[in-house]
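Colleague: Here is what each chain is made of, one letter per residue.
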Amino acid sequence: MNATPSSPPGIAPLDVERIRRDFPLLKRQVNGHRLVYLDSAATTQRPSVVIDAVRDFYEQHNANVHRGVHQLSQEATAIFEATREKARAFVNAPEVAEMIYVRGTTEAINLVAQSWARPRLKPGDEILVTTMEHHSNIVPWQLVAEQTGAVVRPIAIDDDGTLDLDDLDARLSERTRVVAVGHVSNSLGTVNPIAHIAKRARSVGAITVVDGAQAAPHYPIDVQALGCDFYAFSGHKVFGPTGVGFLWGRREWLDAMPPWMGGGDMINSVSFQGSTWAPLPSKFEAGTPNVGGAAGLGAAFDYVSGLGLDRIAQHDHELLQYGTARLLEVDGLRLIGTSPKKTGILSFVLAGIHPHDIGTIVDRDGVAIRTGHHCAQPVMERFGVPATVRASLTIHNDRADIDRLVESLEGVRRMFG
Amino acid sequence: MNATPSSPPGIAPLDVERIRRDFPLLKRQVNGHRLVYLDSAATTQRPSVVIDAVRDFYEQHNANVHRGVHQLSQEATAIFEATREKARAFVNAPEVAEMIYVRGTTEAINLVAQSWARPRLKPGDEILVTTMEHHSNIVPWQLVAEQTGAVVRPIAIDDDGTLDLDDLDARLSERTRVVAVGHVSNSLGTVNPIAHIAKRARSVGAITVVDGAQAAPHYPIDVQALGCDFYAFSGHKVFGPTGVGFLWGRREWLDAMPPWMGGGDMINSVSFQGSTWAPLPSKFEAGTPNVGGAAGLGAAFDYVSGLGLDRIAQHDHELLQYGTARLLEVDGLRLIGTSPKKTGILSFVLAGIHPHDIGTIVDRDGVAIRTGHHCAQPVMERFGVPATVRASLTIHNDRADIDRLVESLEGVRRMFG
Amino acid sequence: MDADLRELYQQVILDHHRKPRNFGPLTAPDRAAVGFNPLCGDRIQVQLMLDENDRITDVHFTGEGCAICTASASMMTESVQSKTLDEAKQLFHGFHELLTTGDDPGEVDLGKLSLFAGVREFPVRVKCATLPWHTLTAAAENREEPISTE
Amino acid sequence: MDADLRELYQQVILDHHRKPRNFGPLTAPDRAAVGFNPLCGDRIQVQLMLDENDRITDVHFTGEGCAICTASASMMTESVQSKTLDEAKQLFHGFHELLTTGDDPGEVDLGKLSLFAGVREFPVRVKCATLPWHTLTAAAENREEPISTE
Ligand SMILES: Cc1ncc(COP(=O)(O)O)c(C=O)c1O
Ligand SMILES: Cc1ncc(COP(=O)(O)O)c(C=O)c1O
Chain A
816 MNATPSSPPG IAPLDVERIR RDFPLLKRQV NGHRLVYLDS AATTQRPSVV
866 IDAVRDFYEQ HNANVHRGVH QLSQEATAIF EATREKARAF VNAPEVAEMI
916 YVRGTTEAIN LVAQSWARPR LKPGDEILVT TMEHHSNIVP WQLVAEQTGA
966 VVRPIAIDDD GTLDLDDLDA RLSERTRVVA VGHVSNSLGT VNPIAHIAKR
1016 ARSVGAITVV DGAQAAPHYP IDVQALGCDF YAFSGHKVFG PTGVGFLWGR
1066 REWLDAMPPW MGGGDMINSV SFQGSTWAPL PSKFEAGTPN VGGAAGLGAA
1116 FDYVSGLGLD RIAQHDHELL QYGTARLLEV DGLRLIGTSP KKTGILSFVL
1166 AGIHPHDIGT IVDRDGVAIR TGHHCAQPVM ERFGVPATVR ASLTIHNDRA
1216 DIDRLVESLE GVRRMFG
Chain B
816 MNATPSSPPG IAPLDVERIR RDFPLLKRQV NGHRLVYLDS AATTQRPSVV
866 IDAVRDFYEQ HNANVHRGVH QLSQEATAIF EATREKARAF VNAPEVAEMI
916 YVRGTTEAIN LVAQSWARPR LKPGDEILVT TMEHHSNIVP WQLVAEQTGA
966 VVRPIAIDDD GTLDLDDLDA RLSERTRVVA VGHVSNSLGT VNPIAHIAKR
1016 ARSVGAITVV DGAQAAPHYP IDVQALGCDF YAFSGHKVFG PTGVGFLWGR
1066 REWLDAMPPW MGGGDMINSV SFQGSTWAPL PSKFEAGTPN VGGAAGLGAA
1116 FDYVSGLGLD RIAQHDHELL QYGTARLLEV DGLRLIGTSP KKTGILSFVL
1166 AGIHPHDIGT IVDRDGVAIR TGHHCAQPVM ERFGVPATVR ASLTIHNDRA
1216 DIDRLVESLE GVRRMFG
Chain C
1475 MDADLRELYQ QVILDHHRKP RNFGPLTAPD RAAVGFNPLC GDRIQVQLML
1525 DENDRITDVH FTGEGCAICT ASASMMTESV QSKTLDEAKQ LFHGFHELLT
1575 TGDDPGEVDL GKLSLFAGVR EFPVRVKCAT LPWHTLTAAA ENREEPISTE
Chain D
1475 MDADLRELYQ QVILDHHRKP RNFGPLTAPD RAAVGFNPLC GDRIQVQLML
1525 DENDRITDVH FTGEGCAICT ASASMMTESV QSKTLDEAKQ LFHGFHELLT
1575 TGDDPGEVDL GKLSLFAGVR EFPVRVKCAT LPWHTLTAAA ENREEPISTE
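Protein chains in written order, with the working numbering: chain A, 816 to 1232; chain B, 816 to 1232; chain C, 1475 to 1624; chain D, 1475 to 1624.
Treat the hints as calculated values from the structure; they're not laboratory data.
Because the structure is a prediction, the values reported are computed rather than measured.
Worth double-checking, as some hints may not be accurate.
Partial selection, computed: residues in chain B whose CB lies under 7 Å from chain A [stated by the list, open to error]:
#1 Gln844
#2 His848
#3 Ala857
#4 Leu887
#5 Arg903
#6 Asn907
#7 Pro969
#8 Pro1056
#9 Gly1102
#10 Gly1107
#11 Ala1128
#12 His1132
#13 Arg1185
#14 Gly1187
#15 Gln1192
C-beta atoms are modelled at their ideal positions from N, C-alpha and C, and glycine is treated no differently.
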């Protein structure tokens, strides 16, 4: 047991050694070193149970869903729908029919922008978007703004990366129709107070669309407690396969929205005189979905719940504290994003050394981190940096991983002297 | 070797016994019988090489693509881009940047409808759609017609399920902007003369959008020879994983089209003053793609090319002939779709017995077929049936599979006697 | 032919499929509704005559469906004859229980409807058996929109 | 620190990164262009002075980039000094060959630019080294739109 000494009573620490053995890829050597994977915010690794579930699906149950009477199709449908129910439980949605399968967060937000906002927005209507959003929670709104004459306005962030709630209040008005906000920022780690924001948005009649991509693997999510209108997340960020994720939306909205795509499975009847739509969730799920991905994602939900999201959050928190302290020992290192409420994301720059060079050099030491704008160019602009280095923490990381990173950064410093 | 006696000289027959061993799922028993899978038109089974490629990706190379400097991300990107190149070769597209990753055919056609057609269509403009189209090549056009005031008009089909080319000519006019046509009908098996249609469409200034979902696993595809403007297909119909497919489009169109979704990876720069788009193919690929699916699809392309599409087409043709002859021996059986140019799709009804009952009964014999409208309700209407039974043939099927189906149908007849 | 199938397609059921009772339109029904199952193309209409106490005095159906759907519609028309709409609702409740759990719920006398117990082994066919009943409910509530099992 | 890295980050390259030559704006350039690499945030501007024969009489750059990009820009400005635009193009051609194959193509004398041979082991960094050259090409062609390596 790799107990973290400071665990509060009541929450048993994660057994990181054991967890690490669940991830086949972590056995890999990179450039002759044991891989230290600190890029889970880009995409997580997959535990064997997930990889096996995908394989098992293809080897034992593979068929198209929904429309088949044969045995395999029934099994495939059962697996596919079981994952939908697990997703519902994962975000505590009231109804399973409100869980819409999508490719990921990006598709989910585009769906809301096109099916909810596009028919409703009028010239001069406003969409508030925080400055710390991922491009996938900015660009879909810019596209729909251009289509409708609505305007996208940024909500400011403080110097430590905390959302400026006064600025939110100052910008909210009757013109506000949508508040688009990330639950957790992928470039800063900031956790936003969604329940508060949703309440303020509702007070002016606006909906709240939450990008949950970075919250999903770190926090227990309860959309009913959050009080938002839509919540999007990606399977590949919660140890599931790529190409599958979910949009949760309130039934009242989903029922009132036109379909997102047209095709098979989303119709009630099709004729050249006109077509009618299927009820939820099918209305938003045209075409063959990623059934194999869904099989894997179901296993990922089980895996995460098996560990316990409270324990995961605790682990994340402790490792973040350790990582923050250790990084600040590195000469010339500046952390970008130091909000008191953060998840395990460590974004930083090193004086005089470009992040891209750092990325290349630490990779040679087997340390996988991300460098660049992290699809959050407005954050880079806000903090006056062209890019940052980002180390993101998850269940299979421990202090030794952070030590390896710090050691490697010292090497970078020495090289650039 | 399971040589089919009538193979023409020059094309070696497929070794079905061996192929069957490549598919782990075919080892399954269903209701105590060896599974006879005749539902490949809904989704194909996956050979081990595909399942292994997915697993290998997740166990060895898993990372997010494009934006990472670290080793894993570079490997993942290389795998992802290698499949794009294989897809290009698979349809003989001129340029790899014209191959857009999508979830499948449905998303591809919606993309074209929304990004090509929506900004261009005016009230009164016409979209011609054949009566034999899958819903995914009808409903997206109905949606865009409603959005723009354009009109969707059906092109008639003959009693044997052949497209009525005179009706096409009669309907083509300067008002025609789009001709939407399936390369192969999933409910009738009809192969449409795309090159001819595209030429006729071009003569009035219309584009041709081809739904290649059912052609891809059966025929060598050459988009340059076809002369169409867009070509869509799904990975899961060519022995690849679910949740991944391709849209090919001419660069001149793709360059001129607005993005499909907004988000990460499809931008050049994002700011609250405005964003600019990345070049092809990224412009149309917002968000994390199905990288694991792409890894599997690459293996599927290799598998199919290894067998040879000419041999596959030949096998398909011979089995179709055998199946047609055997089915017509069944009392009261009526084939729906008897065009002289067909792939291995056998759609039929049995007098006095509903397809749904047939599906349930033959499933008990371990024969997996599809019953229903096959997402082609206008075809059902055209032929005056509520639904059909569909047996679809592929590389791992042989005469014995068809014999099992016929035997089972005889049982159905006896039961309903 | 296995036992489950034999139980699903019992002679009585096949007989009702072949010769559906109360089939064909009423001339002046008090209530009617259309139901369909987009999955398999079943489409039926149920028509009702009611007395002043909401008691069913006549019930017919038309349309086209699989054996299970047609037989269920046919046997439904026999079972609900002379029942009040409330009693018919209870009967549907018990019938639904039977189809999904395989148990005769006991509270209501299902009579011949118990023959549908075999549907339980075929979950995708439950909708076929319940479509007539959903349509009856819609007719009782005078709903205009076609109802769908999807 | 491994050998590939040492070769990538040679002293000369690090030195050009630390003290870029011909850095800063020209007062009245004949031609200029902006280039950027959205992946890593490199963004540079290249400015040219030309004589009547399209010979480069002065070349400067500004902007911010990684060590490879900055050093490449700095060394580029030295290499193309007094060359015609055509000669500069040939130099870029040879340089590109070096980066992707690791071989000095021989046709042109790369001089100090050969020090970038180590980039070949780092394919994702090729764009960093070529960005200044693409921007130079854009400036030579007087393209207004910022060019991008993506
Ligand atoms: C002819 C045809 N077109 C389109 C589709 C839709 O493909 P997908 O469901 O993979 O999007 C299918 C398969 O269902 C098909 O057979
Ligand atoms: C905060 C945030 N939002 C949205 C996304 C986009 O998710 P996806 O690429 O899975 O659509 C990501 C991940 O890249 C993210 O970190």
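Colleague: Each of the hints needs a verdict: does it hold here or not?
Modeller: Outcome of the hint check:
1. Gln844: Violated: closest Cβ of chain A sits about 10 Å from glutamine 844(B), beyond 7 Å.
2. His848: violated (10 Å)
3. Ala857: holds (4 Å)
4. Leu887: Because about 6 Å separates leucine 887(B) from the closest Cβ in chain A, which is inside the 7 Å limit, the hint holds.
5. Arg903: violated (20 Å)
6. Asn907: This interface hint is violated because 25 Å lies over the 7 Å limit.
7. Pro969: Because about 5 Å separates proline 969(B) from the closest Cβ in chain A, which is inside the 7 Å limit, the hint holds.
8. Pro1056: holds (5 Å)
9. Gly1102: holds (3 Å)
10. Gly1107: holds (5 Å)
11. Ala1128: Violated. Min distance 23 Å.
12. His1132: violated (24 Å)
13. Arg1185: Hint holds; arginine 1185(B) Cβ to chain A Cβ min 6 Å, cut 7 Å.
14. Gly1187: holds (6 Å)
15. Gln1192: holds (5 Å)
Hints 1, 2, 5, 6, 11, 12, counting from the list given before, are not met by this structure.
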